[in-house]
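There are 2 protein chains.
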Amino acid sequence: MATKGSLKTPKGTRDWVGGDLLLRDDIFTVLERHGGIALDTPVFELRSILSEKYGEESRLIYNLEDQGGEACSLRYDLTVPFARWLSMRSDVQHIKRYQIAKVYRRDQPAIARGRLREFYQCDFDIAGVYDPMIPDAEILCIIAEVFEAFKIGVAIKLNHRKILDGLFAVAGVPGDKIRATSSAVDKLDKAPWDEVRKELLDKGLLEEVADRVGGYVQRSGGMREMLESLGSDAELSANATLIEGVTDMKLLASYLEAMDVIDKVSFDLSLARGLDYYTGLIYEVVVVVADSASPPTQVGSIAAGGRYDDLVGMYGRRPLPCVGISFGVDRIFTILDARRNKKSTSDLAGQAQVYIMAFGGKEFDGLLLERMRVARQLWAAGIRAEFAAKVKPKPLQQFNASEGVPVAVMLGQDELEAGQLRVKCLHVGDKNAAQKDKGQLVPRGNLVEEVKRLLASTIAEKE
Amino acid sequence: MATKGSLKTPKGTRDWVGGDLLLRDDIFTVLERHGGIALDTPVFELRSILSEKYGEESRLIYNLEDQGGEACSLRYDLTVPFARWLSMRSDVQHIKRYQIAKVYRRDQPAIARGRLREFYQCDFDIAGVYDPMIPDAEILCIIAEVFEAFKIGVAIKLNHRKILDGLFAVAGVPGDKIRATSSAVDKLDKAPWDEVRKELLDKGLLEEVADRVGGYVQRSGGMREMLESLGSDAELSANATLIEGVTDMKLLASYLEAMDVIDKVSFDLSLARGLDYYTGLIYEVVVVVADSASPPTQVGSIAAGGRYDDLVGMYGRRPLPCVGISFGVDRIFTILDARRNKKSTSDLAGQAQVYIMAFGGKEFDGLLLERMRVARQLWAAGIRAEFAAKVKPKPLQQFNASEGVPVAVMLGQDELEAGQLRVKCLHVGDKNAAQKDKGQLVPRGNLVEEVKRLLASTIAEKE
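One line per chain: the protein sequences are A and B, in this order.
Under this note's numbering, the first residue of the first sequence carries the number 1, and numbering increases by one thereafter.
Under this note's numbering, the first residue of the second sequence carries the number 1, and numbering increases by one thereafter.
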């Protein structure tokens, strides 16, 4: 029964192992502090749920094969499944939810830069009717806290869909070309203006209109300064949509000052975000300096999001305004990974707290059953214990296997017959001394208690 | 932009929210205690990796649509991806790994009984060459510990592929019909013997052979008793394969006695397990009594596994013996859920530790910016804090929103000007008294410290 074909994961996917996965816990700690509730949705959705949500990016959606039954596709992000869930749960008027899960895009992968076809996103969203910009400010605060926790220096670029739409209208972009203009402008962080201008002309904009768009969207700066500059332009100030956006941004600036996040944001008129569903504030997070010791990273944006007040309403049940953020977990992994030393296979051993050994003379039978009894006793007390899975392990084998483990329990035939065990601290890095130190004899009944005491003392010593 | 089609999750899938997801942590606690390392693999694998691993069940595999590129399928279990990973990682000689993830089977769903098309499995496996049956015994011990942690009474049914193969050979089943016989016999827990007998005849067994098979496989009992009965049968004792299995089971019985797990197991010759890859010990866990207050559950087996020494070698690189267990997480959810009261939407609010309120007279502006400053300060200290997302919240609104939150921080204009805040415990269930108690004034600089002190005292009081 041989297996044909290559031995690998599918293109654009990878395995994750051990410590890499613990990153999640650090994000969760922040998200739970903000009252987030965990949600988990199926990896595939009815195809109709995903359709008409992603604009030009829809071509990247993975479909399941038609094997009879419903047409389904793998989720493309976590926002649309959340909106679908909200629409089904009409009893939910307000919620903060988070979800960490994989999403799927048939894009060109670049694994070294953390760009994959299957990748983790971690989303936090606030749904419900609240006073303007208060939840938006909390989301920006969460972004700041998450990257503070990871010690990654970031800049948050802000823009507002209504300001963009207003600018485009004032520049003379026809109403039916606003989304197309937006998705061309969104490429300005990767492409020079000339290329974007060409795309605008190809999409049917007049040269004069394209140049006016270019004059507006290439401006960025601090929030206060940009708001002043937009406010002082008489033509822009006459556009009602733009004014709505400016009012939102002024309110936001005051909230970000109160929350001490204002230094982390900039107002960037070229930020447009490709997805169709955004309706207000939008943002993208880029790495400023991971840390001075790291090589420069090329991971692009590591988190992005915005306000989407109409998406839940698209499912026909009821509208519900929402604002949220998606963290690009794999890109954050990539940055943190570059900081650490290369991994060794020793990462693949669990960190035991206690190693159970047995020694004896010529007639020594390995005391396996006794080691098992002790292991079961320690496990039941919640202690991470290990022993050699051999009937008659050699002393040296056991000492080598116990490297890095703080405490040893040692069994000998005579001592067992007297109802006693030997317990001792294993001093890492001083194997000879450790082998000479015989530890202390403990009555069997006191084993758990004595092991816990030793473990606590080893931790105290380290601190 | 209306969305056509029904608003639901695909057939056989469901959403999970809030507390349901915390179940994972309880399982992880046990698995980490046994030195497990987390592994995470892609949700889809190359189709060639999955082929010829699942026998008759292969028809239940979900395929991805051919959109160009490699042929891929959704994973059917977590065992085959683990074996694929081990085969790629030739540096790994020994590992204990766990993985919790969803698997996919195009089966007939029965959601009330916890049978879904997308469902969580949690696997723990031990790979490597060890002395016989020691890792197998540890796996059975882990099973016992996991269900002890959930307080679910279980029975573990054991059998051994070599004993089954030996029995079939002695009964006269031709070598090429052994797997087919096995998968028919596996249905004995759901179907009466007559039906299974008919399937055996349909598969080409002689009546006399089928009846001999029936005589053997309908026997079950305690390990010691069954081993004695098998050993006393002269015809069976002459079969070399069967003897190998019996030797394993004797060793295992002594280990299970040492680990105090022997009372939880029975030896059931009808247990066969459908999957092709098992080579030695096999087991299935069934609920005995969830608890006396619960309705009887119909979830079938809630965990299953066995030894598969040849699967890694099938990928052509190198052989590596393995033994493992899959926990049916959703079925465990279903049992635990039946114990709890019906959920209310209040489960969907995060458990804040501190609620920040503001009060004032006629000129009161809501002190939103101040509430934000305080929130940011508490969040930065790791405290779960909330405030009303309203510019001017009413006192009653704030009191209602703070229900169940242990500590309040209260802001007033005059006090703020004097650099002070009010902090107090909110006594759940006695709202009137709580509203009268004015709390204590604290200098702004001592806020975090004082809140932590109050939180600690509330917890102490509850205990």
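Quick caveat, the hints were computed from the structure, so don't treat them as lab data.
A hint or two may mislead.
Treat identical chains as interchangeable: a pair holds within one or across any two.
Stated by the list, open to error - Think about it this way: if two alpha-carbon atoms lie no more than 16 Å apart in a straight line, the pair counts; the simulated EDC-like pairs of lysine to aspartate or glutamate are:
{"no.": "1", "residue 1": "K177", "residue 2": "E56"}
{"no.": "2", "residue 1": "K198", "residue 2": "D211"}
{"no.": "3", "residue 1": "K264", "residue 2": "E370"}
{"no.": "4", "residue 1": "K187", "residue 2": "D202"}
{"no.": "5", "residue 1": "K187", "residue 2": "D20"}
{"no.": "6", "residue 1": "K452", "residue 2": "D194"}
{"no.": "7", "residue 1": "K8", "residue 2": "E70"}
{"no.": "8", "residue 1": "K424", "residue 2": "D202"}
{"no.": "9", "residue 1": "K250", "residue 2": "E208"}
{"no.": "10", "residue 1": "K11", "residue 2": "E70"}
{"no.": "11", "residue 1": "K390", "residue 2": "D248"}
{"no.": "12", "residue 1": "K394", "residue 2": "D131"}
{"no.": "13", "residue 1": "K190", "residue 2": "D263"}
{"no.": "14", "residue 1": "K187", "residue 2": "E56"}
{"no.": "15", "residue 1": "K390", "residue 2": "D131"}
{"no.": "16", "residue 1": "K11", "residue 2": "D66"}
{"no.": "17", "residue 1": "K394", "residue 2": "D365"}
{"no.": "18", "residue 1": "K264", "residue 2": "D248"}
Now the hints, each set against the structure:
In the homo-oligomer, the alpha carbons of K177 and E56 lie at most 16 Å apart inside one protomer (14 Å), although the nearest pairing across protomers, at 55 Å, exceeds that limit. Taking CA atoms no more than 16 Å apart as the test, K198 paired with D211 passes inside one copy only; the shortest distance there is 11 Å, against 81 Å between copies. Taking CA atoms no more than 16 Å apart as the test, K264 paired with E370 passes in neither setting, with 60 Å inside one copy and 20 Å between copies. In this homomeric assembly, K187 and D202 come within 16 Å of each other (Cα to Cα) only inside a single copy, at 15 Å, whereas the closest approach across copies is 65 Å.
Taking identical chains as interchangeable, the C-alpha atoms of K187 and D20 are never at most 16 Å apart, the minima being 31 Å within one chain and 41 Å between chains. Taking the shortest alpha-carbon separations for K452 and D194, neither the intra-copy value of 68 Å nor the inter-copy value of 57 Å comes in at or below 16 Å. In this assembly of identical chains, the alpha carbons of K8 and E70 lie at most 16 Å apart only when taken from different copies (11 Å versus 30 Å within one copy). Taking the shortest Cα distances, K424 and D202 never come within 16 Å of each other, neither inside one copy (76 Å) nor across copies (64 Å).
For the homomeric pair K250 and E208, neither the shortest alpha-carbon distance inside one copy (31 Å) nor that between copies (88 Å) is at most 16 Å. Taking CA atoms no more than 16 Å apart as the test, K11 paired with E70 passes between copies only; the shortest distance there is 8 Å, against 26 Å inside one copy. Taking the closest pair of Cα atoms, K390 and D248 come within 16 Å of each other only across two copies (15 Å); inside a single copy the shortest separation is 69 Å, beyond that limit. With identical chains, the CA atoms of K394 and D131 are at most 16 Å apart between copies only, with a shortest distance of 13 Å across copies and 70 Å within one.
When the C-alpha separation of K190 and D263 is checked against a cutoff of 16 Å, the pair qualifies neither within a copy, at 24 Å, nor between copies, at 66 Å. Taking CA atoms no more than 16 Å apart as the test, K187 paired with E56 passes inside one copy only; the shortest distance there is 13 Å, against 50 Å between copies. Taking the closest pair of Cα atoms, K390 and D131 come within 16 Å of each other only across two copies (5 Å); inside a single copy the shortest separation is 66 Å, beyond that limit. Taking identical chains as interchangeable, the C-alpha atoms of K11 and D66 lie at most 16 Å apart only when they sit on different chains, with a minimum of 14 Å there against 22 Å within one chain.
For a Cα distance limit of 16 Å, the shortest separation of K394 from D365 inside one copy, 11 Å, qualifies, whereas the shortest one across copies, 76 Å, does not. Neither within a single protomer nor between protomers do K264 and D248 lie at most 16 Å apart by alpha-carbon distance, with minima of 18 Å and 64 Å respectively.
Violation of the numbered hints given earlier is confined to hints 3, 5, 6, 8, 9, 13, 18; the remaining hints are satisfied by the structure.
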